[in-house]
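**Student:** Residue strings, one per chain:
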Amino acid sequence: MLELQAVGKTFGELQALHGIDLHVRRGTVSGLIGPNGSGKTTLVNIITGIYAPDSGRVLLDGKDVSRASADQITRLGVSRSFQNIRIFNRMSVLENVIAALIGHHKPGLATLLGRAKRIGDPRVTAARRALETVGLLEQGDLFANELPLPLRRRLEIARALACDPKFLVLDEPAGGMTPAETASISELIRSRIAPGRTCVVIEHKMDLISHVCEHLCVLNHGEKIAEGDPRSVVNQPEVIEAYLG
Amino acid sequence: MLNDYLLTVISNIGMISLIALSAYLLLISGEISFGQQAYFGISAYAGAIATTLWGWPLWLALLFGSSLAALAAGFVGLLTLRISGLYFSIATLAFAEMVRLSLFKLSYQLEIDGELIGPNGAEGFGEIRWIFDNDVSVLEYTLLIYGILLLVLFCLVLIERSRLGMIFRMLGQDPLLTRIQGLNPVRYKVTAAILAGFIAGLGGTLYAHSFTYIEPQIFNVMLGVHALAYGLIGGLGTVLGPLIGVAIDIGFLESVRVFQGYRMIVFGGLVAVMLIFMPRGILDENRVYRLKNLAQRWFRA
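Read top to bottom, the protein sequences are chains A and B. Numbering of the first sequence is given in the working numbering, commencing with residue 1 and proceeding in unit increments. Numbering of the second sequence is given in the working numbering, commencing with residue 1 and proceeding in unit increments.
Only chain B is shown next, with the shape it has when bound in the complex (with noise of 0.2 Å):
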């Protein structure tokens, strides 16, 4: 039987892992964002303020968190269109910290069962209690993650193999040339931002009614840098590299003990490793298309 510190774990991973899918989603377009925190955090305190203030269901909670994080994220896509590189990460970052400034200064508290209860600036939100008013069990909620970290990523392989993913890697690759392709790269910029947004809310809002107490401080640009560093020592050729990375470093580095008090040591000395040696990660562009022609001539076989 797994214990509630090993699913504690496992949960987190499939969380975290929702944040590292959207940053990999602007990798893939050619942007690096380091504001992907921002959209966790908007719909961490949107979707418990659902719960918890008004009474909403969980799932109508998800998608109001997600498309409120997706809004934000297509706002900053749009304010950024003429911007790349260097200056989109700044911008990202600024926006991020923004957000996170704003929220310790957000006061939003009602009255339930005689308590006042919401958000209250640094003290953050607690109280959602949303898994224990309705009986659900750490691995009730951790299969709960897991089904929509599924959904996400099956969505993901269909946009991967679509056009529309190709549109996606062609603008992470060159703009320009993109563009000579008839395709005006502002659409899908901030196309492939608005998407990015709302998975990193759909891991916000999971994430608040997971650990039931959010405060501004959890979605600092820590956690935005986690994200990008998951596709990158994971990689940048499938879906799969983030997990790759998050799984390395929640579900090695943080469990092992042999690594506690060194983690973020041995974390950063990885990141720059990969950068040298593996630029696109374990599962870059190139390996998975050898991998890919690899399995399907072992199928034709």
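This is chain A alone, in the form it adopts within the complex (with noise of 0.2 Å):
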């Protein structure tokens, strides 16, 4: 499904990433943990073409999209969350997710000029739909800057999953959560997101991570130094100095 092989990324005298190899199976879910600065989130703009790499190959189906742009990649079936919310706040709940609907694939002068939100138009009904499996349907109408964080991060979570993304990237998904908040959100990810999809899910929350994955890959330094099965990879030597410990 998704392979990076020997991935490698550098700003200027940093060396980000250090030829990471990362292989997500079809329809599993996998999590990559690291402190901070260890390259997470870069990995994470390589994969959705945010950044291109400066070495190494990004394989998406078997095809190579190391050097496609973020919007082909997001037409490929690619969608995420952002670890800092990017929501458009000037736009109401369900905009929102319409949003993510219109360049799912590539808009034609007809589909441009049609009103956004037609009632009975697909669109609308599947972004309602997303809305639903969140919990935020309700919320619809509101202006998206008046939702308090959680449900911002829920607004993320249905505008990813709107487009029936065949790869979903969940970045810090409880970021900025209370411990009730995660459960819920846990929750949510394993009981409506993660079944039949491909994801992967950058946390520092072990209770998230081990609650949802079933797969874990840990960075330190821009370099993978461990990876497996999450309740035996936590207790790595390695992983628990680099990060744990």
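Hints should not be assumed to be uniformly reliable.
Claimed, not checked - Which residues of chain A face chain B? A few of them, derived with a C-beta cut under 10 Å, are: (1) Ile73; (2) Arg80; (3) Arg115; (4) Lys117; (5) Leu147; (6) Arg159.
Because the hints were derived from the structure by calculation, they are not lab data. Each residue gets a CB set at the ideal place from its N, CA and C atoms; glycine is no exception.
Bring the two chains, given one by one in their own frames, into a single complex with the hints.
**Tutor:** What follows is the structure, given as structure tokens:
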């Protein structure tokens, strides 16, 4: 499904990633953890086309997408949320999700000139369905910036989910949440988001990772230091020293 | 009966509204252009040349002038693809100044009825007499301006409700997030620039035929600054925003005697106050959304 082969990235003097290999199998949920500055977000930005790798390759369903732009990657079926929440603040909650469905297939003139919120439009129906999945349907008419943080995170997930992506990347979906809110989003991901999907979840919160992930990869200083079953990985001495200790 | 002075003020509001709408379209797409006066000017000259020197009908001259303006705007849009923010603003200003200075060098005169007629550098372009040749009264011409303004407003309302309009607003808020939704910002940035150029162009040709005389100095940076300020005062939540801005400036500050001589001071102060207390204008997105919800509830009740 998704394969990274010896991916490297440098920013000036800083080597952010050193030859990372990663294989995410179809229909699995993989976790990506590591201390701050370990290269997790850089890796996600490479997978989603925001950065191009300096070395190595990114393969999606066997196709080399290392040089594809972010919009091309999205149209190939990759969706994501952001560590620092990014929503369209001056649009309604429903419009935020409809926004994800316009560019899913390259829109032609007729699509572009069609009414964005036409009742009966399949995009509006799909957007409502995504909002219902994350429990935000009732808030659909609110302005997005009126939502509290946990609901904004849910809105990001709804937006990423709306076009039924082949591959979903959730970057710290419980960032800034209380333990109760984390438990709630963790259960949402496990029961409603993950089933039947291929996902990568980046998180610091081990409760969430162990609750939703079948596979775990640990980064430190831009290098992969451990990989495998979450329960065994977190007990490895290098991981404890680098991250958990 | 409306007197000619009042009609001139009203028609001026209509024509300037077009350049304000043009700047507004770019503002909601996230770009601050200080150069919309260039497209207004290009179309003013091109449209006036078409009717006065080539004998074209006004509707064709309008289409020609506006298309030329749209073409120039598309060209500038392509040239400025990789820049945004302050750099984009400076680039648009530089282009507009280049156009204005080029108009000082533009000399294209033909002999009509034994007289040399046409633009002649700093002397400007007089004798744009379509309005007299066709016996069009000030009232009729004002109605024509407002007919075109209404048509543009209607099209912009449709665009705002469309997916294209949604993309413009997405771009205005977060270009990277827009790209992550599978949309190539380049395509829509250039589309917005072309549409904005065309709308400014409509205003330009109408302006030239209304005042019957144009010169390069009219299309200076202050026209572009005003065009921007109208949207920022009136609000960026609806196409009516820039019209409110124009009405406040030309309809109120310029027309009310007590402000005469102080207009620019009051206007500058107003812009500063608005930017501090209402950075997206009177009718910003939030207020427009609340008003729409209120209206919907009222209609349902």
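**Student:** Against each hint, give a clear statement of whether it holds in the structure.
**Tutor:** Okay, the hints, checked on the actual structure:
1. Ile73: Ile73 (chain A) check passes; min Cβ-Cβ to chain B is 9 Å, inside 10 Å.
2. Arg80: Because about 7 Å separates Arg80 (chain A) from the closest Cβ in chain B, which is inside the 10 Å limit, the hint holds.
3. Arg115: Given a least distance of 5 Å, the restraint on Arg115 (chain A) holds.
4. Lys117: holds, 8 Å
5. Leu147: Hint on Leu147 (chain A): violated, closest Cβ of chain B at ~14 Å, above 10 Å.
6. Arg159: holds, 8 Å
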